[in-house]
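Participant: Take these sequences, add in the hints, and give me the full structure.
In case you want the letters, here they are:
Protein chains: 2
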Amino acid sequence: MLIVQKYGGTSVGNPERIKNVAARVARFRQEGHQLVVVVSAMSGVTDSLIKLAKEIMPLPTEREMDVLLATGEQTTIALTAMALTAMGVPAVSMTGAQAGIVTDPVHTKAKIKNITPKKVHALLDAGNVVIVAGFQGETPDGLITTLGRGGSDLTAIALAAALKADICQIYTDVDGVYTTDPRIVPTAKKLDEISYDELLELASAGAKVMQSRSVEFAKKFKVIFEVRSSMNDNPGTIVKEETKSMEDVVIRGVALDKNQAKVTLVAVPDQPGVAARIFKALADATINVDMIVQNVSHGTQTRTTDISFTVDKPELLKARKVIEGLQATVGYREVLADEKIGKLSIVGVGMRSHSGVAAKMFETLARESVNIDMISTSEIKVSVVIDLAKAEQAMRAVHTAFLG
Amino acid sequence: MLIVQKYGGTSVGNPERIKNVAARVARFRQEGHQLVVVVSAMSGVTDSLIKLAKEIMPLPTEREMDVLLATGEQTTIALTAMALTAMGVPAVSMTGAQAGIVTDPVHTKAKIKNITPKKVHALLDAGNVVIVAGFQGETPDGLITTLGRGGSDLTAIALAAALKADICQIYTDVDGVYTTDPRIVPTAKKLDEISYDELLELASAGAKVMQSRSVEFAKKFKVIFEVRSSMNDNPGTIVKEETKSMEDVVIRGVALDKNQAKVTLVAVPDQPGVAARIFKALADATINVDMIVQNVSHGTQTRTTDISFTVDKPELLKARKVIEGLQATVGYREVLADEKIGKLSIVGVGMRSHSGVAAKMFETLARESVNIDMISTSEIKVSVVIDLAKAEQAMRAVHTAFLG
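Line by line, the protein sequences give chains A and B.
1 is the number of the first residue of the first sequence in our numbering; add one for each residue after it.
1001 is the number of the first residue of the second sequence in our numbering; add one for each residue after it.
Honestly, the hints are just simulated from the structure, not real lab data.
Honestly, I wouldn't trust all of these hints.
Said to hold, decoys possible - Derived DEER-like restraints, expressed as beta-carbon distance ranges:
hint	chain 1	residue 1	chain 2	residue 2	range
1	A	N234	B	G1325	56 to 64 Å
2	B	M1087	A	V293	48 to 56 Å
3	B	I1050	A	V293	54 to 62 Å
4	A	P58	B	Q1030	20 to 28 Å
5	A	D104	B	A1126	19 to 27 Å
Since the structure is predicted, the reported quantities are computational estimates derived from the model, not experimental observations.
Glycine residues also receive a C-beta, built at the ideal position from the N, C-alpha and C atoms.
Facilitator: Here is the structure:
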């Protein structure tokens, strides 16, 4: 089999850990597999490079930032290849550019345009383990680019697609994807499998498993991958296209996002184009809006409505300013903001074929005397905004109700 | 004018120093020049990368060592380009590969095969200062290579040749090339100019100005370069082809090499092929032999001779073993070894047209009661091996006699 493995910064955080990674790779290789190993920068390296750059230039140019950051993964590939060679396993390193990863020229958050894995194939066929630098590529003009957050996962999944690999394994410091955060809910269980869409909804609901873009890429190119631990040999969680049997499980997971803040515009005139004006202004300020809730209008003389939305907490101040700038043109009565909220979500493709899921969630919350502020639903997700102080208690109750 | 500048590891050793380099580059640029700036890894970086590698693999593979070490200069180019941009000077970085530096595939000590500076020219013509990573290149197959010791100087001189630059400036932590080591001889003077051949002889005589290969490259491609300080604005030393007027100066410099050891084979049978056997055996063991002295044979019945040679001190033990292994085939009486020697040399193209130079040196040493062990001469150099304990005193006396 051709296996693509990806190891993150913690897994390659020091020479000892790099040797552990090499030992694991060597075991797979002894079983007769071909291996492509994608590695991140050693943990802490990227941060110290950023710090160094900022000492030179508070807002470093993105072209040069990419040249600088790419050295982090380049260091790891060389060391990992050495560790394998020291164990008697033939191994060679490749930078993103050498591996044929071509991106657009958007520095620090480039998108992969295509991968020409001819050289990777040739080195594999010659009997080597091929170690590829994650997170980086080059433009058609030969400039070094980086892929932004979660870039190494993306490299692994994109390489798995281009190489038509049999398996793609994403090694991390957890055993896989859990039904919810085990640090908050001790009864959380590791999932054997999950669909791309469920993982995407969990990620957008605040579960920090993987960046959405890597999952979306995997979904688009039908790359089945496994999230598993680099600390043990336990099987992880397989992420793949939804299957019929997946719908038997009503809820796959529960996620809590404590990083959201809520903004409410009170008594907005209910006229066509008002919502558009508000969210266009927020988008122009590059503020990422998550939930939006507008209820039916009320009021006796002029009909008005309330519009609420959530943004990432660090963006709250900026969002408020944008909204305040709209008072004259939009004409609301007042703005309320609340940072003390949690967004609790349940996710599962089984919702499509099971009724009463939302109702069960709301009943559970009512039993815990948790007041619901906002509700938003998608085909496979129900999210509620609740008081932050009661959020973890609510999370445990909901997990118990659906997942035991 | 098109100027190539090279800054070593100490000159770019921290963010503050990188900013100083950028300020200097910006000044040249404000005078209307085009600039290509070659930089080394920040001082200490290469050593810590080597240490890291050795923790993984005591004898790291050379292919991966090059991938690893190349990150050092890549870090500096990004930071230097940022520093210039922060000062409002348009600047872009290039790795050795991006700058078109193609080498042979001999990892860790690759030779430059050719340079295709098309992209460098294009970026210069677009108004940029171009920052190039020293010490590195790539093979025609796209593998990263490094050039070995003194590699950044070589990058600068080779780029100056390929770009047909008007000047090449090698910035270092000394003001230029001195008549001798100022730490030992306080009256040492900075030279305004020196010929390639004189600098080469001084280097081989133990003066640590530049690696010979860079000077040889400059000589071959007639690249005039200047060795000067990155700490001040003093003019440095111009290194160029010998001119007529250079011969007016009898001696350009005095050098002392304290890193040599002497081996003597006593009473070697004076037969054809004996010397060949000895030095072939040393070469096969990759021991670098410097001076070789054999005197006319003596003895009454079987004619025998003594053969002496010098090697770098760290190689003495290895050399002794090789020689001892030859006792049966070569048949000498005994081997003597002496580590307590110094090789004192005087260098100058003026020797060709001035007689009595060697005699004056020997007289000076006699006046100081310094016994001469070995003598070796080239067209523009006289070297003597003397007692290490008297070497510095001898150096001062010879410098005074010839250079005041």
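Participant: Next, verify each hint and record whether it holds.
Facilitator: Evaluated hints:
no. : hint                         : in the structure
1   : A/N234 x B/G1325: 56 to 64 Å : holds (58 Å)
2   : B/M1087 x A/V293: 48 to 56 Å : holds (50 Å)
3   : B/I1050 x A/V293: 54 to 62 Å : holds (59 Å)
4   : A/P58 x B/Q1030: 20 to 28 Å  : holds (23 Å)
5   : A/D104 x B/A1126: 19 to 27 Å : holds (21 Å)
Checked against the numbered hints above, the structure breaks none of them.
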